[in-house]
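So the chains spell out like this:
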Amino acid sequence: MLIYISRRLLWTPVLLFVAGLFIFSLGSVAPGDPAELMAGQRADPEAIARIRDRLGLDDPFLVQYTRYAANALKGDFGESYRYRGRDVIELLGPKLLVSLELNIVSYVVTLLIGLPLGFWAAMRQGTWKDPTMTTFMLLVYALPVFFTAPFLILVFALWLDWIPVSGWSGMFSTHAILPAFTIGVPGAFVFMRYMRASTLDVLGQEYVRTAHGKGMGHMTVNRRHIARNALLPIVTILGFSLAGLFGGSLIVELIYGIPGVSRLALEAVFQRDYPVLTTLTLLGATMLAIANLVADIMYSLIDPRIRLRA
Amino acid sequence: MRYVRRLMIAGLAVAVMFAIGCSADEPTPVPPTATSVPEPTATQVPTKAPEVQRTSSGVAPTATAIAAATSTAVAEATASAGEQATVVAEETATAASQAVEDVDDREFDARRGGVFRLLGSDPVTFDPALTTDSTSYDITLQLFSGLTRLTDDPNNPIVTDLAESFTVSSDGTVYRFVLREGLVFSDGSPLTAFDFKWSWERAALPETGSPIVKEFLGDIVGINDIVEGNATSAEGITVIDDLTLEVKIDSPKPYFIAKLTYPVTFVVNRDNVESGGETWTEAPIGSGPFVLKSYEIGVSMVLARNDNYWDTPAFLDEVHFILAGGSAMAMYENEEIHVTGIPSASYERVTDPNEQLSQEVVDVPAEFVTYYIGFNVEQAPFDDVHFRRALNYAVDKELIAEAVLNNRAKPAYGPIPPGFVGFNPDLEGLRFNAERAQEELAMSKYADPESLPRIVFTTPGTGGSPPTYLLAVADMWARTLGVEVEFQEVEWATFLQEIDNYRLQVFSLAWSPDYPDPHTFVDVLFRSDSSINQTQYSNAEVDALLDEATTEPDPARRVQLYQQAEQIIVNDAVWVPMWWGTEGKILVNRRVNGFRISPLGSYYLKDVWIEKQIDF
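Going down the list, the protein sequences come from chains A and B.
Reminder that position 297 of the first sequence reads as 296 in numbering that gives the first Met the number 0, one-by-one numbering, no gaps.
Reminder that position 303 of the second sequence reads as 302 in numbering that gives the first Met the number 0, one-by-one numbering, no gaps.
No lab work stands behind these hints, which were simulated from the structure alone.
Any given hint could turn out to be false.
[Claimed, not checked] Examples of chain B residues toward chain A, derived with CB under 8 angstroms:
hint: 1; residue: I211
hint: 2; residue: E245
hint: 3; residue: K247
hint: 4; residue: T278
[What the hints assert, rightly or not] One side only, chain A facing chain B, incomplete, derived with CB under 8 angstroms:
hint: 5; residue: V17
hint: 6; residue: A48
hint: 7; residue: I50
hint: 8; residue: L54
hint: 9; residue: L90
hint: 10; residue: W167
hint: 11; residue: I257
[To be verified] Which chain B residues stay away from chain A? Per the calculated CB distances, all over 10 angstroms, these:
hint: 12; residue: S169
hint: 13; residue: S293
hint: 14; residue: A329
hint: 15; residue: E483
hint: 16; residue: F486
hint: 17; residue: D499
In this text, all values refer to a predicted model and were calculated from it rather than measured experimentally.
Beta carbons are placed, not taken as given, at the ideal position from N, Cα and C, and that holds for glycine.
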């Protein structure tokens, strides 16, 4: 087991190096020159050449990447092209935090709605309530964010005037409510389906029948035997979704004016801000690698066959 | 100069039907096709059009700042403003403030105080020497100042600012500026002629990296030596005493004084720049009406009044720029921001007289901007003047303006827009004439459709189809001349690179001036050796006229020379000029006074004041 984990851990840096190389090489083949963008339309060619020189853009691609990777190992991810003199990490840190908060609070909404609904629907299998609720949630899931977000703004911010239209002041503020529901409610459909399937699975188990048979109250059976066992497989799914927590939710951030990482990333693309882009990609890859590792370890703990194969 | 780019980051959002970032500084869309306008990214241009995004682009934050930027903040701000001095009931505010207008003591000016909020974008830089785009331009104008500045009075576009007066030698090459007495920077330190000499030489240093210093200060003797790294001091700049600066330029150039309104010529504080290193602009010390109080990338930018400003200080306590984007119209209606452009989708509702919002609609003067279709005259088939003329004659701009753009665009027939110095009302444009178009085509070497190479028309944008009016143009070319074009839309970074390398055959763009002189349109874009002559146009006659105009001391004669050059350029059909800026509309909160947008596209925050209101 230890060997398995350490081997996985050793592979992670290699994975990151390759991922970084990939995104970096995209930068060298993509059209558009960061120096030209920085200089603006009025600049003369000499001015652009000076900027290229300062940024080291004229060095061969591998030299640039090695330099970047070496610095990154020391924790220095370079300076943004777009924001002169700003460290990428200093730039990204607060944005990542905002996106993380936004995703956590949305995730909580997803779970709080999805899991009980899934359970509720499973318990009503065979009645009209189950398909109705499933269909309704499917509709919600299918609604595009650029429809739901303005709609929620219109109703709750403009007509009812309960909450602000835009901005962000932390996950426990009123600012978080609309975005959290915009992201969270559609996501609940997925968890509702998982929970429903998992509950149905458990419902057919012998021990449920036994519990009922020995005269246990419905509520107790539901709570102790059904819900608890149905949640077990869901837990592994939760692990996987953690990787997404640092990711932005582009459209939602744009519409609600949330200063998360998406806006910055999008701008970095248009501005050819490669240090920011590369660092973001590396962070994303790291999160994924870690989430995968955690999931693998959990599986191998559960299922000895995986351990043996490794 | 600055390309107008409308779609910033938000091209995407627009596609999404949601005009996210109609930021405050931009009135209505010039040619109103919201999705694809000839303008690309956020950083690049002072946009006056609805910007989606941007880029433009704008962007990033801290939690606290954001908290301040929301609706509660509006109430709070007004409340605190109210406490400050005089509290005036809303209905009587106007009358009251007029009454106090004559009172000299500023402390009792009822207009004073308050926080003005608007959506903004992250400036590329706060360093005046590096400013080339409109977003940065608008901000540096609030934080810094120079010898002269622009006004929005067409009869008197340039006035002295930090200079009290200046004289020009009889040969037109030596300028002597006398500074106002007692000038200080925002931190209270004295500002003298030495600071100007240092600032200009610093702007020229290669390590400063100003992309435009040659354009604006290169006329001064010795500046180009500094730019090229051969000197650190310019002999053309002499400090006579603390208040007197003498500047020698290489030849008489009447437009030199106009260039001194551009940020690269502004004065910066030596201690501030030298001690701050590369990031000195995080706490810039300037001489403009405001100081930078805080800035968090992508979140917010707060300007505070500079009480050391040489002229009457600004009324506002603070200006809050919200940089995280959001839904402009909704934020405006929720009073989270005080000003916004009007997205096309809301235009009808907002301007409906029965709608309460319509009372807050404010007219914006036509911006000085020219939208055009440019031809690369070195590339077939645009190397033939007859062919280019045929394309010009074939376009019925009046019809497109009416049928496609609901008359929200003004057909253009030359580069210089109406109202701008040197505009020629008698210019003979290549107006729509289908017969002449066919005659010109017959005269060209591409008369035979078989000889016509493939034509790719490139527009900047973020994907999607080109603006409707361009599709109409292409349709007219096809119907009248049988000339078919393909469109390709590329995003701004790619577009910029392609155009700089003359790889585009035909493209759409917009140009707005940097300073009030025809030079900024005619010379910069059409002189054969200009570094931004995108069309590669070269005409010895035009060059000769431009040379003469450059040094001609008589203003009337200069204008004539530029107009002659302009007429030749129009006859040579280097462009299809499409639209000039039109009067637009923006929404300004009813309690906000004095918010104006100049035809050069910038706003004057110094004169803005907010009526106080009492919360019951």
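So, going through the hints one by one against the coordinates:
no.	hint	verdict
1	I211	holds (5 angstroms)
2	E245	violated (27 angstroms)
3	K247	violated (23 angstroms)
4	T278	holds (4 angstroms)
5	V17	violated (26 angstroms)
6	A48	violated (11 angstroms)
7	I50	holds (6 angstroms)
8	L54	violated (10 angstroms)
9	L90	holds (6 angstroms)
10	W167	holds (5 angstroms)
11	I257	holds (6 angstroms)
12	S169	holds (32 angstroms)
13	S293	holds (13 angstroms)
14	A329	violated (4 angstroms)
15	E483	holds (25 angstroms)
16	F486	holds (17 angstroms)
17	D499	violated (6 angstroms)
Violated hints, in rising order: 2, 3, 5, 6, 8, 14, 17; the structure is consistent with all others.
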